[in-house]
Amino acid sequence: MEAFTTHTGRAVPLRRSNVDTDQIIPAHWLKKVTRDGFEDGLFEAWRKDPEFVLNRPERQGATVLVAGPDFGTGSSREHAVWALQNYGFKAVISSRFADIFRGNSLKNGLLTVVLPQPVVDGLWALTEADAELAVTVDLVARKVTAGQGERRVEAPFELDENARWRLLEGLDDISLTLRHEDDIAAYEGGRPAFKPRTLAG
Amino acid sequence: MGRTLAEKVWDDHVVRHAEGEPDLLYIDLHLLHEVTSPQAFDGLRKSGRTVRRTDLTIATEDHNTPTIDIDKPIADPVSRTQLETLRKNCADFGVRLHPLGDTEQGVVHVVGPQLGLTQPGMTVVCGDSHTSTHGAFGALAFGIGTSQVEHVLATQTLPMAPFRTMAITVRGELPADVTAKDIILAIIARIGTGGGQGYVIEYRGEAIEKLSMEARMTICNMSIEAGARAGMIAPDETTFAYLKDRPHAPQGADWDAAVAYWKTLRTDEDAVFDHEVVLDAAELAPFVTWGTNPGQGAPLSAAVPDPASFEDPSARLAAEKALEYMGLSAGTPLRQIAVDTVFVGSCTNGRIEDLRNAAAVLRGRRVADGVRMLVVPGSVRVALQAVDEGLDTVFKEAGAEWRHAGCSMCLGMNPDQLKPGERSASTSNRNFEGRQGKGGRTHLVSPQVAAATAVLGHLASPADLSDAAVATPAGV
Ligand code: SF4
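Protein chains in written order, with the numbering used here: chain A, -12 to 188; chain B, 7 to 482.
FYI, nobody ran anything at the bench for these hints, they're computed from the structure. Mixed in with the good hints there might be a few duds.
Said to hold, decoys possible - The list that follows gives simulated cross-link-like pairs (lysine-lysine, DSSO-like), each with its CA atoms no further than 27 Å apart: (1) B/K269 <-> B/K216; (2) B/K78 <-> B/K94; (3) A/K18 <-> B/K425; (4) A/K18 <-> B/K94; (5) B/K216 <-> B/K250; (6) A/K77 <-> A/K94; (7) A/K94 <-> A/K18; (8) B/K327 <-> B/K425; (9) B/K444 <-> B/K78; (10) A/K18 <-> B/K78; (11) A/K94 <-> B/K52; (12) A/K182 <-> B/K269; (13) B/K52 <-> A/K77; (14) B/K402 <-> B/K78; (15) B/K250 <-> A/K182; (16) B/K425 <-> B/K78; (17) B/K250 <-> B/K269; (18) A/K77 <-> A/K18; (19) B/K402 <-> B/K425; (20) A/K77 <-> A/K35; (21) B/K52 <-> B/K94; (22) A/K18 <-> B/K52; (23) A/K18 <-> A/K35; (24) B/K327 <-> B/K402; (25) A/K94 <-> A/K130; (26) A/K35 <-> A/K94; (27) A/K18 <-> B/K444.
Just chain A, with the same shape it has in the complex (with noise of 0.2 Å):
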C-alpha cells in the first residue's frame, strides 16, 4: 500500500448526507474479478446527471472529497474503497463514517478524515466558490488546511496511532506480516515432516 504523508488536491463538495455503499459501488459492480477498473460505478446512478458534481469539468482531476455525515453505511464490500480509490480520490473527508467503511478504508490507505460538521461546512462553501481551491490534508502535522485570509480553514484531526503509523509507513496487513517473516520461517523450520502437501516433490 501506498504510504500518505500529506496530500494536497483539489476537492469534490459532496453534500449528501447517509450515503450508503451501494450508492457509491452498486451492487452489479461486484460481480468483477480485479480491484481495478471500479471508477465508472462510482456513484453510478448520479453520475446519470450531467449536473452531479463528479461530472463537472471544473471538478475533474479532484482528490479529496468533501462528504456529508454518514459516509458509507450499509454493506460491508471494500469495493466502495477501491472504487473511490480507482477514481483518484486520496483522502475523503466527513464529520461521520460508517465503522467498516471507515476500517475498510484504512486498511487500502485512503484517508478517511472526520472533522466537525461545521468545518466541513466551511470546506463545502470554500470549494463550492472556487474549484481550483486546494485542500491540503496532513497526515504528518493532523490537520487539514484550506483557502487563505479571513475563510482560511485550518482544522486538526484524531487518528488513532496504529492506524496513523500504519498509512505514514505505507504497511497494509501482509506487509505488516512480512515484518515477521524470520518467525514465520522459524516456526515453518518446526513444523512435523507428516504434515501435508498439496504438491509433489
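Once you've looked at the hints, dock chain B with the ligand against the given chain A.
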C-alpha cells in the same frame, strides 16, 4: 489447567504472540475456489507478491460449474469469467487446480477430505463459510474474507483474535431413524442462529462418537449456521481409519508419528469450556425447517408453529415474515407440505454415504409425479463411486436427474435454481430467502427425508412409506 481440543490446535500454530495484538497463526492448508479468490490474486499482482506456500494451497471449481453439458462452453459470462480467472491465476502463481472435467473436481469441502488433505490438528482456511466442515477431523477450520485470502496466500499466516469455547454434548444413543443432519438442525433450533457467535464449538458425547466421518462432516459443516467461528470433533479411530491410505495421508513412519500426535488432540479432563449445551439423543427425531433461517426448524411430526407462540418479539416477527415468504400457515402439519423439487447434494450432504442413504430409500420406488429430483454428487470421485455401486441407476430408475458434481442448487449460482414460488426439500445448509433461486422456498432436510419426500411429494420420512422396509441407514 487443562486445555480444550480447539485451544491445543491453536497453541500449536502460534507463530508470534505479542501482548495487545492478535496472535499470528500458521495455516496448514488453504483451499481456494473461483468466487472469493480473484481480488486476492489481483492484490498479490499489484504489490508484486507471490504465493508463499503453493505446496499448502489447492484450488477447485465448484460454485459456478454447470451440472449438465459440462463439455459445452458456460453460457453465463460472469460464471465463465470467474472460472477462467481462477485458471489463469492458478497457472500464473503455480497453484494446483482441479478444474471442471478433472477427476478430483468438486465442492471444495468435499475434495479436501477425500484427498486426505484435511487431517487432525491442522489449521484449514478457505474463502467460504462452510470451511467449518473440516473440523470433523479435529482440525481448526474457518471461513475467511477475500482480504484474508490474500493475506494467507502471501504469508501462510493469519492474525486471529481469540475465540471462546463451547461444548455441545449429545449423550446416549440415537434412535434408528435419526441422522447427523437431524442432530445439527435440532442443535441450531435450540441455540439459535446467533448462539455460536464468537465460539468454536466442540461436538462430543456417545452419539457423536458413533458417527461416521461423513456424518461428522455434516454436523461441523453447519456450525456456521449457528454463528460459530468453527466446529470440531476430537479425532479417534474412526478418523484414523478414514484417513489411512488416502492420497495425501502420511505414509510409513510418518503415519505412526502423525497418529501419535493426533491421539493427543482430545480435550483434557480438567479443561473448562466457556459454555456447555447438552442434548439427549433419545429425544431427537427427523427434523426439517419451516422458515427462512436454519434455526427455524422442528421435528417432522410437528406443525408449522404459530408466530404468536414465540415469546421473544424479534423471533415472533421473524416467524411471521418467514411464514409469509414460505407461503405457510400456522398449524399446518409439516408432513402436509407439498414440494415441487428435491435436491440431494452440497457440502453438507453430497458425499457417498448421503447418496447411499438416499438411494436406499428410492430403490424400487418412484419419484412422485410433478416432482423434480436432482441428485448432485459433491465431487467427481463421489460420482464415480456412486456409479460403481450402481446408485446412479437407482436414481435414474426412480425418475431423478443424475447430475455432474458441484455446488449446484445449494446456492443457484449456476443454472440449477428454483423458480419464484417453487418449494424444495433440500439437503443443503441454507434456507435463506432466494438462496436457491429468486422467490424459491427451501426446507432443509436429511438425504433420507429428501428421498422419502420425493416419493410421496410432501415432506416425509422413510417411515411414512407404506412399504416401509428400508435398509438401516449407513454412517448416519
Ligand atoms: S455446496 Fe453450498 S454451502 Fe457448500 S461450498 Fe458450495 S455453495 Fe457453499
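Hints, one by one, checked against the model:
1. B/K269 <-> B/K216: Roughly 17 Å separates the two Cα atoms, so the pair holds.
2. B/K78 <-> B/K94: 19 Å, holds
3. A/K18 <-> B/K425: Holds, at roughly 22 Å.
4. A/K18 <-> B/K94: 17 Å, holds
5. B/K216 <-> B/K250: 19 Å, holds
6. A/K77 <-> A/K94: Holds, because 13 Å separates the two Cα atoms, which is no more than 27 Å.
7. A/K94 <-> A/K18: With a Cα-Cα distance of about 22 Å, the restraint between A/K94 and A/K18 holds, given a limit of 27 Å.
8. B/K327 <-> B/K425: The given pair, whose Cα atoms are some 20 Å apart, holds under the 27 Å limit.
9. B/K444 <-> B/K78: 26 Å, holds
10. A/K18 <-> B/K78: Holds, because 22 Å separates the two Cα atoms, which is no more than 27 Å.
11. A/K94 <-> B/K52: Given pair A/K94, B/K52 holds - Cα atoms ~15 Å apart, limit 27 Å.
12. A/K182 <-> B/K269: Roughly 15 Å between the alpha carbons, so the hint for A/K182 and B/K269 holds.
13. B/K52 <-> A/K77: 18 Å, holds
14. B/K402 <-> B/K78: Holds, at about 23 Å.
15. B/K250 <-> A/K182: 14 Å, holds
16. B/K425 <-> B/K78: 24 Å, holds
17. B/K250 <-> B/K269: 15 Å, holds
18. A/K77 <-> A/K18: OK: A/K77 and A/K18 at ~25 Å, within 27 Å.
19. B/K402 <-> B/K425: 23 Å, holds
20. A/K77 <-> A/K35: Satisfied, since the Cα-Cα distance of roughly 24 Å is no more than 27 Å.
21. B/K52 <-> B/K94: Measuring from Cα to Cα gives roughly 16 Å; hence the hint holds.
22. A/K18 <-> B/K52: 19 Å, holds
23. A/K18 <-> A/K35: 21 Å, holds
24. B/K327 <-> B/K402: Not satisfied, since the Cα-Cα distance of roughly 38 Å exceeds 27 Å.
25. A/K94 <-> A/K130: It holds: about 20 Å lies between the C-alpha atoms, which stays within 27 Å.
26. A/K35 <-> A/K94: 30 Å, violated
27. A/K18 <-> B/K444: 18 Å, holds
Of the numbered hints stated above, those contradicted by the structure are hints 24 and 26, listed in ascending order.
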